[in-house]
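Trainee: Full structure from sequences and hints, please.
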Amino acid sequence: MEPFDENTTVSSACFAMVPDTKVIFVCGFWDSSLRCFTLEGRQLQSVYGHTRVLTCLDVSPNGRVVVTGSRDATASVWYYSRNPFRLESSPRASLVGHESAVTCVAVKAGSDTVVSGSSDVCLVHKLGGDLVRVLSHRTCRRPHLLRFCGPDSRL
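Residues in the sequence shown are numbered consecutively from 3, following the working numbering.
Please note that a few of the clues may not be correct.
Capping the alpha-carbon separation at 30 angstroms, the derived lysine-lysine pairs in DSS-like fashion look like this [said to hold, decoys possible]:
#, residue 1, residue 2
1, 128, 24
2, 24, 110
3, 128, 110
To be clear, the hints were calculated from the coordinates, so they are not data collected in a lab.
Mentor: In structure tokens:
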């Protein structure tokens with residue numbers, strides 16, 4: 003595997019497994035790629051859609067949507083097919099509105115909702131790119147983790 007970008011802090015936000023498969027998505031590479039690997043380490047695919055290094059990613063619970071965040075201040079929505087395995091070669095939507103690097107993303111189960119966070123704000127988008135809500139955060143200067151939790155999938 004090629005090295006991660008030298009300015010990337012490798013964390014759990016750089017890795018996500020596709021449910022019920024042996025496929026893992028990895029980000030943080032110097033070439034701004036999103037890569038797919040088997041658990042045995044064989045690279046299956048690389049795709050490009052950001053202009054700067056990816057900082058985080060999340061996979062929907064059904065495994066069909068991958069959302070990435072980047073230092074280019076955007077989040078991107080990618081679709082994944084299991085049979086045959088294939089991540090679309092370009093993102094379906096680019097989620098904009100941040101003024102600084104996106105540091106965390108989350109996809110809501112059973113919904114078309116994505117939340118992305120950066121040092122300036124958290125944004126709620128629909129998968130197609132429509133901005134739903136802006137959430138200011140005064141207590142956390144740089145969010146690192148977003149998760150939807152519980153039976154009603156609260157943020």
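Trainee: Indicate, hint by hint, whether the structure satisfies it.
Mentor: Hint check:
1. With a C-alpha separation of about 28 angstroms, the suggested pairing of residue 128 with residue 24 holds against the 30 angstroms cut-off.
2. At roughly 22 angstroms between alpha-carbon atoms, residue 24 and residue 110 fall within 30 angstroms of each other, so this suggested pair holds.
3. Pair hint residue 128 plus residue 110 holds up; C-alpha atoms about 10 angstroms apart against a cutoff of 30 angstroms.
Checked against the numbered hints above, the structure breaks none of them.
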